[in-house]
Amino acid sequence: MTEPTGASPPSQDDVVDESLEDDEGLYKMKESSLSYFGADFDVRGLVQRLRDDDIVIPRFDPDESDGASLAGFQRQRVWTKAKMEQFIESLLLGWPVPSIFLVLDEDQRYLVLDGQQRLTALEYFFAGKYPDGKDFALADVAEHLQNATYETLSSESKRKLNNTFIQATVIEPRGEDGPESVYRLFGRLNSGGVSLTAQEIRVALFLGPAVDWIRDLNRDGFWRALFGKPSPRLKDHELILRALSMFEVLNDIAGNWDDDELRRMAYEPPMSDHLNSYLSSHRKLQDLDTQAIGDAFQHATAHLFAAADRDGLRFNGRINAAHVDATISVLMWLHLHEKMPSRTELRDGLNKLRDDDQYTEYVTQSTSHRENVYGRLRLALSALEK
1 MTEPTGASPP SQDDVVDESL EDDEGLYKMK ESSLSYFGAD FDVRGLVQRL RDDDIVIPRF
61 DPDESDGASL AGFQRQRVWT KAKMEQFIES LLLGWPVPSI FLVLDEDQRY LVLDGQQRLT
121 ALEYFFAGKY PDGKDFALAD VAEHLQNATY ETLSSESKRK LNNTFIQATV IEPRGEDGPE
181 SVYRLFGRLN SGGVSLTAQE IRVALFLGPA VDWIRDLNRD GFWRALFGKP SPRLKDHELI
241 LRALSMFEVL NDIAGNWDDD ELRRMAYEPP MSDHLNSYLS SHRKLQDLDT QAIGDAFQHA
301 TAHLFAAADR DGLRFNGRIN AAHVDATISV LMWLHLHEKM PSRTELRDGL NKLRDDDQYT
361 EYVTQSTSHR ENVYGRLRLA LSALEK
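Residue numbers are given in the UniProt record's numbering: position 85 of the sequence shown equals residue 85, and the series is strictly consecutive.
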């Protein structure tokens, strides 16, 4: 089948995700799984650690076609040149600057959760170039610093900058709940200003092969036609993650819908924690047949587009996250079990689901609750299986 072109973008508000509110009432607050301490890093040491990849600014490009060279955490936003210059000037003048927030990762590298722009400005200034290749020379700053680059700074100013200390709070996750605690903590720290989405935090916290794999699946032509243009807030990535995690739930349940122990083990609400657990467990793609799963995802999106065109992910006219995780995961499961319905059967099955009051409840109310997760998966499987 020829891949479609010209996908139109849904607005950010066009994705209905009731789990965002539902999750709030399902979180189980636990004893802290974090330890933390303060540390002072000299500026030159910070830059060297960045160059050595010992301090990592999560980089993640959801759409490389837009030409962005730096993407990822903090919603792909970088400071303006003027803002970078002001930060460098503050350091050279000896003024206090905000601290940074680091997480000690499992490979002993530091992951930057707050302070990306400050560290990026330092990296560029020491390199002498902006990302566009232009010289990083201070302009609208104190008179004695105007037109200065790192290389042209006086020995005294260069020494002062190199030896300036920036305070950091270093978080060290502990035990199985450690990553989840970091996720919760940063969500609170980021509550001021324009906050990050849940998926943006996941991208930083669980960076690695699994995140890259989801990025690659997000480029699938039929998925793009179904969803629209790439989401700047990574909602499309999150929906793929939901489908993958629900596909795993289907495999774990193996048709034993009424086995309470299996149900508890396969899916533990809230949905946000479940998605974090999936990425944490499969961060390096361990125990996943990515070739088979990726192939199933591509067949699911192609078949859904063939049957429903650009309305395949929509429920009551809008993309619905719960409907997406049910239909895509079920189609993936059916493909791998050679039970994929014909185009006509799939179209009829989708119409049956849209007319089913019980399914409507499962995808529009309390969508993170275990009963409703299993309810929509079971009904979707029944309606779509040939």
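Hints listed in this document are in silico derivations from the structure and should not be mistaken for laboratory results. It should be emphasised that the depicted structure is a prediction, and the values quoted were computed from it without experimental measurement. Among these hints, one or two may not hold up.
[What the hints assert, rightly or not] Here are the simulated DSBU-like pairs of lysine-lysine, each with C-alpha atoms no more than 35 Å apart in a straight line:
#1 LYS229 x LYS160
#2 LYS352 x LYS339
#3 LYS158 x LYS83
#4 LYS229 x LYS386
#5 LYS134 x LYS158
[Said to hold, decoys possible] Ranges between beta-carbon positions, derived for each pair:
#6 ASP259 x GLY45: 51 to 61 Å
#7 GLN86 x ASP132: 14 to 24 Å
#8 ASP42 x GLY128: 51 to 61 Å
#9 SER154 x LYS229: 22 to 32 Å
Ideal placement from N, C-alpha and C gives every residue a C-beta, glycine not left out.
Status of the hints after comparison with the structure:
1. Restraint check for LYS229 and LYS160: not satisfied, since their Cα atoms lie roughly 47 Å apart, outside the 35 Å limit.
2. Annotation: proposed proximity of LYS352 to LYS339 holds, straight-line Cα distance about 18 Å (limit 35 Å).
3. Simply put, LYS158 and LYS83 have alpha-carbon atoms about 20 Å apart, close enough for the 35 Å limit, and the pair holds.
4. Straight-line distance between C-alpha atoms of LYS229 and LYS386 comes to about 31 Å, which keeps the hinted pair within the 35 Å bound.
5. For a cut-off of 35 Å, the pair hint linking LYS134 to LYS158 stands: about 21 Å separates their Cα positions.
6. Checking the proposed 51 to 61 Å range against ASP259 and GLY45 shows it holds: the Cβ atoms sit about 55 Å from each other.
7. As the Cβ distance of GLN86 to ASP132 is approximately 19 Å, the hint placing it in 14 to 24 Å holds.
8. For ASP42 and GLY128, the Cβ-Cβ distance of about 20 Å falls outside the hinted range of 51 to 61 Å, so the restraint is violated.
9. The supplied range of 22 to 32 Å is broken by SER154 and LYS229, whose beta-carbon atoms lie about 49 Å from each other.
This entry does not satisfy hints 1, 8, 9, going by the numbered hints stated previously.
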